[in-house]
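In order, the protein sequence lines correspond to chains A and B.
Residues 1 to 136, numbered by the numbering used here, are exactly what the first sequence covers, in order.
Residues 1001 to 1388, numbered by the numbering used here, are exactly what the second sequence covers, in order.
Because the hints were derived from the structure by calculation, they are not lab data.
Each residue gets a CB set at the ideal place from its N, CA and C atoms; glycine is no exception.
Only true hints are included.
From chain B, some residues computed to sit far from chain A (all C-beta separations above 12 Å):
no., residue
1, Arg1018
2, Ser1046
3, Asp1049
4, Asp1073
5, Asp1280
6, Gly1308
7, Asp1317
DEER-style ranges, computed between Cβ atoms:
no., chain 1, residue 1, chain 2, residue 2, range
8, A, Pro85, B, Val1194, 15 to 25 Å
9, B, Ser1066, A, Trp57, 41 to 51 Å
10, B, Asp1195, A, Ala54, 54 to 64 Å
11, B, Val1194, A, Cys36, 46 to 56 Å
12, A, Ala54, B, Asp1032, 55 to 65 Å
13, A, Ser52, B, Gly1356, 52 to 62 Å
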Amino acid sequence: MSDQPRKPLPRPSPLSQPFWDGLAAGELRLQRCAACDAYVFYPRPHCPHCLSEALKWTRVSGRGRVYTYTVVRRAMHPAFRPDVPYVFAIVELEEGPRVATNVIGCSPEDVRVEMPVKALYDRTAAGIALLKFEPA
Amino acid sequence: MTLKRAAAITGIAEMAPRASAEGLSTLGIWADVSRGAILDAGLEPSDIDGLLVAPPIVDMVAMWPSHLGEYLDIHPRYANIVDLGGASAAGMAWRAASAIQSGLCRAVLCVSGEASDVDTFYAPRAKRPTQQLPLREFEAPYGPMGANSGYAQIAMRHMHEFGTTGRQLAKVAVDQRTNAGANPDALYRDPLTVDEVLSSPLIVDPLHLYEIVRPCTGGAAFVVVSADLAPSSAQTPAWLLGAGEATRGVMLAQVESVTTSPVAQSAPLAFEMAGVTPVDIDLVSVYDCYTITVVVTLEDAGFCEKGGGGPFVEEHDLTYRGDLPLNTHGGQLSFGQPGLAGGTSHVTEAVRQIQGRAGERQVADCELAFVNGNGGIMSEQASLVLGV
Ligand SMILES: [Zn+2]
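Pulled out of the complex, with its shape left as it was, chain A reads as follows (with noise of 0.2 Å):
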């Protein structure tokens, strides 16, 4: 049915496709600039912290911690509907650099601020894998 409401997916772009193919593979890519050490997260063509271009996609651990969160109980995007409730968060990945992402594997009631968690990769039926989190 092509009225069903569908979940926005990325759409990478060249500059972004390596982390969504690290995401495929299983992996946490981030780009990391060879100039200043500077993990950049989302992906830039340069480092905004020194404007370097040398950028090196380089895999992380996917440890992190929950920065902040809310539990989404009512989706503005109907494709959400069916979810809610949900963890909606802001995880600080052990690098430093902050994702949006959801909190997955508990339930939203067990969710707490400085939680530790660790990356999963969720794949979607486009093929497209998802970052997300659960707990560590």
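Put chain B with the ligand on the given structure of chain A with help from the hints.
Below, chain B with the ligand without anything else, positioned relative to chain A:
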């Protein structure tokens, strides 16, 4: 360089918010409030030589200022869109003053509002071609609930860092509702208690329904005039005494701290220009899309220490009769949020109070107001000090 007393807001007009957009167009609303503001300022259409417009948020159209200029048959020599989300009104006020100070124009009409309602606001917009944005690639796939989930994340982290409680946040909505009871134009006027706020449905933890603004239809406009025109105005001029602006990125995952906003930069700039401090302020008129917005804004503007906003709103009476009158029109939480005119309501209410035209909710001896406009998820901030 200062804008202090370079210009004043003299005329205002505001439509009472409506839940339904039935039979109304955005351009029609704009024309109506524009007419009202020009008349209120005691000016003729031909006096208006500057036009600033805050665009509607549910329908993108190019060249809005020209559409409105044509509709009003005015011919400004300074025309622009100011797109700072809810900070657009405060942003228009100081941009108007700046254009006047530089000699570009003498009377700038600033317009906002839209024909919108809950259904159109939350309607899916997926059928349109979309720009490739990091927000769409790295946030949207995880199901944010518009701005609601972002402010909820700010509140959750604020509670974690500072021990802020749900009762403290609810107090903001309760006092503002008392104010709305004295404003016949407000959408919600029935008294509200802290317990009622906390027993309204949880929408995005920790925020409840009555802590979240309601999109509606409405509009507001104001006229900013030069220092030489202001004294002959039909109304008491509300002088621009100070202004400051600061912005950050749109995605909350990208900001350094979600519990500190750019108000920490914009408000000190405004206070410094005006040569006053928060203790001098008679009226606080600050953006309140959610209860947490007010708490963070009060902290970052220096009304209390960082993290102390929860106890601060609990200890002070924020009603028009209180020791710290705040959002005396009811705030957007009770007045309604007619698109970017929601942000304008904080400007118009401050002008009304300074002009002594606030009726039942008039604050005694209101000579100095702090106004703050807030866009996105606290990403755009424009602060003003207005006074006699
Ligand atoms: Zn670098």
